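Please construct the entire structure, taking both the sequences and the accompanying hints into account.
Chains A and B, in that order, are what the protein sequence lines are.
All residue numbers for the first sequence refer to UniProt numbering, where the first residue is 1 and numbers rise by one.
All residue numbers for the second sequence refer to UniProt numbering, where the first residue is 1 and numbers rise by one.
The set of hints was computed from the structure by calculation and includes no laboratory data.
Only a predicted model underlies this, so the values are computations on that prediction, with no experimental measurement involved.
There could be a bad hint or two in this list.
[To be verified] FRET-style restraints, in silico, Cβ to Cβ:
{"id": "1", "chain 1": "A", "residue 1": "Arg389", "chain 2": "B", "residue 2": "Arg217", "range": "53 to 63 Å"}
{"id": "2", "chain 1": "B", "residue 1": "Glu21", "chain 2": "A", "residue 2": "Gly170", "range": "28 to 38 Å"}
{"id": "3", "chain 1": "A", "residue 1": "Ser52", "chain 2": "B", "residue 2": "Asn294", "range": "23 to 33 Å"}
{"id": "4", "chain 1": "B", "residue 1": "Pro13", "chain 2": "A", "residue 2": "Pro198", "range": "50 to 60 Å"}
{"id": "5", "chain 1": "A", "residue 1": "Arg379", "chain 2": "B", "residue 2": "Gly72", "range": "17 to 27 Å"}
{"id": "6", "chain 1": "A", "residue 1": "His426", "chain 2": "B", "residue 2": "Glu240", "range": "53 to 63 Å"}
{"id": "7", "chain 1": "A", "residue 1": "Ser17", "chain 2": "B", "residue 2": "Leu48", "range": "52 to 62 Å"}
{"id": "8", "chain 1": "B", "residue 1": "Leu48", "chain 2": "A", "residue 2": "Thr372", "range": "25 to 35 Å"}
[As the list claims (entries may be wrong)] Okay, the calculated bits of chain B under chain A, using three or more residues with CB under 8 Å as the criterion:
{"id": "9", "region": "62-72"}
{"id": "10", "region": "206-217"}
{"id": "11", "region": "321-333"}
{"id": "12", "region": "347-361"}
Glycine residues also receive a C-beta, built at the ideal position from the N, C-alpha and C atoms.
Number of protein chains: 2
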Amino acid sequence: MNLIPSKTHDNAPRINSVMAEVRKRISARILAPGSKLPSVRAFAKTMLVSTSTVVEAYERLMAEGTIHSRPGSGFYVAAALAPLSLAEIGPKLDHAVDPFWVSRLALDGQSGMIKPGCGWMPPSWMPEEAIRRAMRSVARADTDLLTDYGTPLGLLPLRKLLSRRLSENGVHAAPEHIMLMDSGTHAIDLLCRFLLEPGQTVLVDDPCYFNFHALLRAHRVKIIGVPYTPSGPDVALFEEALNEHKPRLYITNSAIHNPTGAVLSPVTAHRVLMLAERAGLTIIEDDIFADFENQKAPRLAAFDGLSRVVQIGSFSKTLSASIRCGYIAVPQPWIEPLTDMKIATSFSGNQLCEAVVLAALKDGSYRRHIETVKVRLSRARVETTSRLRALGITPWIEPQAGIFLWCILPEGVDAAKVARHALLKHVVLAPGNIFSQSYAALTHMRFNVSQCDDPKMMEVLSEAIDTARSIL
Amino acid sequence: MNLIPSKTHDNAPRINSVMAEVRKRISARILAPGSKLPSVRAFAKTMLVSTSTVVEAYERLMAEGTIHSRPGSGFYVAAALAPLSLAEIGPKLDHAVDPFWVSRLALDGQSGMIKPGCGWMPPSWMPEEAIRRAMRSVARADTDLLTDYGTPLGLLPLRKLLSRRLSENGVHAAPEHIMLMDSGTHAIDLLCRFLLEPGQTVLVDDPCYFNFHALLRAHRVKIIGVPYTPSGPDVALFEEALNEHKPRLYITNSAIHNPTGAVLSPVTAHRVLMLAERAGLTIIEDDIFADFENQKAPRLAAFDGLSRVVQIGSFSKTLSASIRCGYIAVPQPWIEPLTDMKIATSFSGNQLCEAVVLAALKDGSYRRHIETVKVRLSRARVETTSRLRALGITPWIEPQAGIFLWCILPEGVDAAKVARHALLKHVVLAPGNIFSQSYAALTHMRFNVSQCDDPKMMEVLSEAIDTARSIL
Numbered sequence: 001m002n003l004i005p006s007k008t009h010d011n012a013p014r015i016n017s018v019m020a021e022v023r024k025r026i027s028a029r030i031l032a033p034g035s036k037l038p039s040v041r042a043f044a045k046t047m048l049v050s051t052s053t054v055v056e057a058y059e060r061l062m063a064e065g066t067i068h069s070r071p072g073s074g075f076y077v078a079a080a081l082a083p084l085s086l087a088e089i090g091p092k093l094d095h096a097v098d099p100f101w102v103s104r105l106a107l108d109g110q111s112g113m114i115k116p117g118c119g120w121m122p123p124s125w126m127p128e129e130a131i132r133r134a135m136r137s138v139a140r141a142d143t144d145l146l147t148d149y150g151t152p153l154g155l156l157p158l159r160k161l162l163s164r165r166l167s168e169n170g171v172h173a174a175p176e177h178i179m180l181m182d183s184g185t186h187a188i189d190l191l192c193r194f195l196l197e198p199g200q201t202v203l204v205d206d207p208c209y210f211n212f213h214a215l216l217r218a219h220r221v222k223i224i225g226v227p228y229t230p231s232g233p234d235v236a237l238f239e240e241a242l243n244e245h246k247p248r249l250y251i252t253n254s255a256i257h258n259p260t261g262a263v264l265s266p267v268t269a270h271r272v273l274m275l276a277e278r279a280g281l282t283i284i285e286d287d288i289f290a291d292f293e294n295q296k297a298p299r300l301a302a303f304d305g306l307s308r309v310v311q312i313g314s315f316s317k318t319l320s321a322s323i324r325c326g327y328i329a330v331p332q333p334w335i336e337p338l339t340d341m342k343i344a345t346s347f348s349g350n351q352l353c354e355a356v357v358l359a360a361l362k363d364g365s366y367r368r369h370i371e372t373v374k375v376r377l378s379r380a381r382v383e384t385t386s387r388l389r390a391l392g393i394t395p396w397i398e399p400q401a402g403i404f405l406w407c408i409l410p411e412g413v414d415a416a417k418v419a420r421h422a423l424l425k426h427v428v429l430a431p432g433n434i435f436s437q438s439y440a441a442l443t444h445m446r447f448n449v450s451q452c453d454d455p456k457m458m459e460v461l462s463e464a465i466d467t468a469r470s471i472l
Numbered sequence: 001m002n003l004i005p006s007k008t009h010d011n012a013p014r015i016n017s018v019m020a021e022v023r024k025r026i027s028a029r030i031l032a033p034g035s036k037l038p039s040v041r042a043f044a045k046t047m048l049v050s051t052s053t054v055v056e057a058y059e060r061l062m063a064e065g066t067i068h069s070r071p072g073s074g075f076y077v078a079a080a081l082a083p084l085s086l087a088e089i090g091p092k093l094d095h096a097v098d099p100f101w102v103s104r105l106a107l108d109g110q111s112g113m114i115k116p117g118c119g120w121m122p123p124s125w126m127p128e129e130a131i132r133r134a135m136r137s138v139a140r141a142d143t144d145l146l147t148d149y150g151t152p153l154g155l156l157p158l159r160k161l162l163s164r165r166l167s168e169n170g171v172h173a174a175p176e177h178i179m180l181m182d183s184g185t186h187a188i189d190l191l192c193r194f195l196l197e198p199g200q201t202v203l204v205d206d207p208c209y210f211n212f213h214a215l216l217r218a219h220r221v222k223i224i225g226v227p228y229t230p231s232g233p234d235v236a237l238f239e240e241a242l243n244e245h246k247p248r249l250y251i252t253n254s255a256i257h258n259p260t261g262a263v264l265s266p267v268t269a270h271r272v273l274m275l276a277e278r279a280g281l282t283i284i285e286d287d288i289f290a291d292f293e294n295q296k297a298p299r300l301a302a303f304d305g306l307s308r309v310v311q312i313g314s315f316s317k318t319l320s321a322s323i324r325c326g327y328i329a330v331p332q333p334w335i336e337p338l339t340d341m342k343i344a345t346s347f348s349g350n351q352l353c354e355a356v357v358l359a360a361l362k363d364g365s366y367r368r369h370i371e372t373v374k375v376r377l378s379r380a381r382v383e384t385t386s387r388l389r390a391l392g393i394t395p396w397i398e399p400q401a402g403i404f405l406w407c408i409l410p411e412g413v414d415a416a417k418v419a420r421h422a423l424l425k426h427v428v429l430a431p432g433n434i435f436s437q438s439y440a441a442l443t444h445m446r447f448n449v450s451q452c453d454d455p456k457m458m459e460v461l462s463e464a465i466d467t468a469r470s471i472l
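Right, here's the structure in full:
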């Protein structure tokens, strides 16, 4: 991966060749650790370049720690380095099949892995050009923006834009009730710190996004799953859980639910909020898939008016996961204490990323990108569904939007076994039980339709199912 | 602040004027909320521009939420927005004088504030051009880097560069024992989560960086301060604290200590490590000011070989605070569980910022910038010291490097009172007790020499001292 292309500066090739020559001499032990480099003037003659080229090359070699200077004496090869390993940390094949299993595999995975189990779209589906334009645009921004700490709430123009976008979904949050965060996960984490005491109980959907389990474990709370139906949490069991466990908090995805792709119905939303009101329950609504919607679904935060429901979101799924930026929209009285907690734990927000996200969202092409992606996803959903059905894999529901298909494997096939077999063939799958607090999803699997177009994937899946079945 | 300059695209002025005209009509109620916009064709005629210009302008107005489209019907003004307040969150004048006081003031402060109490250099001292070059360079990087999640440990080339830089300070950490974080604060926060249980005890220096207090409070631990001497923590009292309080952790700045500017002596470093060894104490060494050093000071992590000392750092002070990127160098066995905890609480690192930092550090100009800043700081330190002495303010020591002067006010003058008076004149000071766990620094004050060159500052300070003295 070519991370940082060389500067377009005309002199770059010459500087690079001087640097390469020095490195070559060091690795060939022509220049031993601690030995003196040729003087700038002498080396400029040797290399047929200007002295300023050698100075710049030496500066860069110093910047990377290969050489150092002694004032008035010249340049020297750095002392022997600590033993370096060049190995990337490889996929954790031996990790237990738990919430971290898929995360580690999907995040660590070398290139060449096929990842129908991961929770995001491939880079080729992302709005690359808009991001490049945004980067170039921010490269010309005011010095303060590029160098100084951001304000605790985050860049005001982005909070204003978010305020308008949220109001399109019926969530009315003034910019001063929106706090920018490094990511959706960071947003939930800060809220958990603010709301929870160790030992308290938190409700999640069963199944739910697996990292909710991991995050809540880090907060040392008790996690109770409420079965999720195609129209939201099972209201009767939700009520039972409230009565029995007296939870402090409920964390959920509305709009497009992860992993099921289900959508909250208005009647369920209303009932959940009434129950929450009666029980004094706070709700975190994770709206991270909002932009994938084809039709607006009800939001708990919209019905509730940001009173006991907090909404969070980010741009990792639709704009870029490399540019970390999420947000929290909260009831007004929470802003002050949350700000103090953000300062204590992060000191300041990520102003540079906020500026890049702002520039990219303001670019007219973002909406076009989303429209294109939605069409592409619809097509991929239809195709993936039909290929999965051919293997005896049935979708739990047919989602209207989003990237996920929550599926049931052929009878009796253990999804974790299938995932382990597939991994040996470099395919990362997401077995159902990592999403299920009660381990009730043994034969379920989540597929990301944007990551399912490699024909090898279905082949490997088919083999893995056969293998898992043969050792029932 | 002009955040995002308009695109250099030739058509930009025309697109902007179409957008401006639409906005004008909306605010003049010529176009009411919900009403239909002129068709693209008609408006192109009106505005004497091409239809594609109007399409692009409408797209951007949609992107910012000002208008929306109904397929097959046309474009409409968005419904009335939630009440927006344009007010920036202003400085919290009524906040208690506690660890958050200076943070909030320094971070929230409108332009026009003078900030000798803040912990960073003014934007004009930062390497603006290197950052702009780095941004443009990353704008040309591979798609994956711009759009995809980063690996849990962070960008390998930056970890390799850090490994080499750390070894210059005698700290030998292989790239796979370095984890990139969003900031130094984020690094300490993750380590605290990993190392601490609520109710345990943590040692800090007295005085120390005030946000350590805030961060540790968020972790619900007991904080014990050990008096700091000009050569490090008071070893006898450090030993006493170990015996009496059985702390789990000690957090300190080596190299250039915040707020005192003092430097750890080799003998103190050695004794602290022996005591830590005997007591089973873990140490977090915050090396954030490393690049300001004129002479290398001892590092606990170097003496200890990353066994019970963890080192953290960031680039907020010397490169940019807007680009969030810090690191942790840890003992090998910690990497796996720390990675899981990072995934649970952040999911992934900030790959874009990591790439920008890497490009900026590899730019030969970074070292030149640091050399220039060090000369500038030396000069500012001498000048500020002499101006402060003229007001009867005495430095506790004369630091060899860094941005801070830890000073003693004229006898009996309460630094918090001085700070409150100065704030009324838009000068943010850092009174001693926000750094002191035992509130033993009533008459102390920290000055940032890079923020002291405005003549108004000394005037306001002089007045504020007189006022504070008159109401003794």
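Q.
Just to make sure I understand the rule, a stretch counts as covered if three or more of its residues have a C-beta closer than 8 Å to a C-beta of the chain. Does the region 347-361 of chain B meet that for chain A?
A. holds (count 12)
Q. Should the hint that glutamate 21/B and glycine 170/A are 28 to 38 Å apart at their CB atoms be regarded as holding?
A. At 29 Å between Cβs, range holds.
(Q) Taking the Cβ atom of histidine 426/A and the Cβ atom of glutamate 240/B, is their distance within the range 53 to 63 Å? (A) Roughly 58 Å apart at Cβ, these two residues keep to the hinted range, so it holds.
Q) Taking a Cβ-to-Cβ distance below 8 Å as contact, does the region 321-333 of chain B have at least three residues touching chain A? A) holds (count 4)
Q | Given coverage of the region 206-217 of chain B by chain A, tested with a Cβ cutoff of 8 Å and a minimum of 3 residues | A | holds (count 4)
Q: Take the region 62-72 of chain B, compare each residue's beta carbon with every beta carbon of chain A, and decide whether three or more fall closer than 8 Å.
A: Per the Cβ count (6), the hint holds.
Q | Consistency of beta-carbon spacing, threonine 372/A to leucine 48/B, with hint 25 to 35 Å | A | For threonine 372/A against leucine 48/B, whose Cβ atoms are near 31 Å apart, the range 25 to 35 Å holds.
Q.
Holds or violated: the 23 to 33 Å window for the beta-carbon distance between serine 52/A and asparagine 294/B?
A. Hint holds: Cβ distance 27 Å, inside 23 to 33 Å.
Q. Could one say that the CB atoms of arginine 389/A and arginine 217/B fall in the range 53 to 63 Å?
A. Holds, at about 55 Å.
Q) Taking 17 to 27 Å as the hint, is the beta-carbon distance of arginine 379/A and glycine 72/B inside that range? A) At 21 Å between Cβs, range holds.
Q: Indicate whether the distance between the beta carbons of serine 17/A and leucine 48/B respects the range 52 to 62 Å.
A: 53 Å, holds
Q. Honestly, do proline 13/B and proline 198/A meet the 50 to 60 Å range at C-beta?
A. 58 Å, holds
Checked against the numbered hints above, the structure violates none of them.
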